[in-house]
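*Asks:* Put together the whole structure using the sequences plus the hints.
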Amino acid sequence: MGSTFCLGLEGGKPQHHTTKLRLADYRTGVAYPAAIDVTIDQPADLDDLGNIGNGDCGLAGPGHNILWMDSVAGRDRRVTTEGVLAAWNAINGGTGEGVTSDQVLAYWRTEGICGCRLAASLVVDYNDHEAMTAACFELGGVHLMFSLPKCVQGEMEWVMPAGDDGGTWGGHWVWAFASSTSDGLMVNSWGQWIYVSWAFVARYAFDARAVISEDDIGPNGLAFSGLDMEGLRAAIAGLSA
Amino acid sequence: MKYATLLFALAATLSCKTTPTTPDSFFQAVVACTEDNTANPQAQQAVYQCLTNVVVGAYAGCLSGLVAGGVWTVNEVACLVRAYATSEAVNVNKGTATAAGSQALANANAWLRDEQVRYRRATP
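If you read the sequences in order, they're chains A and B. 197 is the number of the first residue of the first sequence in the working numbering; add one for each residue after it. 1179 is the number of the first residue of the second sequence in the working numbering; add one for each residue after it.
There may be inaccurate statements among the hints.
One side only, chain A facing chain B, incomplete, derived with CB under 10 Å [as the list claims (entries may be wrong)]:
hint, residue
1, V226
2, Y228
3, D379
4, Q388
It should be emphasised that the hints constitute simulated quantities derived from the structure, not laboratory data. Here a beta-carbon is modelled for each residue, glycine too, at the ideal position from N, C-alpha and C.
*Replies:* Put into structure tokens, the structure is as follows:
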């Protein structure tokens, strides 16, 4: 079975985070629900942001996250397909080729995507369901990088295949907006909402990041989770400079 | 005649043994939360009372009872539990949680971890 949906993330091998920031190092005494959907009260995001035809998943994933940040904070929407593609072309030089997650995170932090800049990205242990759910709540979703098998082409639920997985389809970046410690994740990919089981994550994910941006504060001065982010920002500012 | 009675009793016993016990209303239920199934004030009150007013450990039976009694649906109860867990976690992080709210968060989280409800967001 083939697919007309493009992927576009290079890499796909397990990364050893010896020098990267880990969310677990900065979490102390934060409350979180054991199941969360951060988009539950927000308008439905069904925009593929150019990913179906272009394979710009490495920028569309952040785009969905930024779109959510603006919605929660009550700001005007900044994310457009044109803006996402502009960032994608800036990274790959207009070649149409895939990008790596490190390239995207560096660009997001130094140049910004659709006017949003990262303060930092933190590694999350994607095999720790509590940490993933906590990160989803505390920092507004989690970015997941997969090396997808062909068997999930066209599927709205990514679960462990009963038999042959068809081999490797390719690298893919998605933004997870919902997480349940006992079940799995919901991710936005190509503007579609896809369920991903924890077993699938364990088998096919190769990186997970929660991000802190300059725009994750709402009108009340607090993040979605009720946290005052200044302390966390200050703690990581020197390390990520 | 005695054999017939015995066979009948045996059959009845086996029949009873194969009758399924009342299934857990929530275990692996697939739930889609919407504004409709989280907006009923009476359901909100019933779920919150289960999460706060009962003796420790009995909240799960209380929540199951709301469904078993035919008062509220699995969707309504499951979605409200998750909604309370979220709002009370926000309150804790903001420093505005009450004792009842903290209890609701603890019970809601225990329930969410135990029941394995499968939350999905249905595409509109």
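*Asks:* Which hints from the list above does the structure break, by number from lowest to highest?
*Replies:* Failing hints: none at all.
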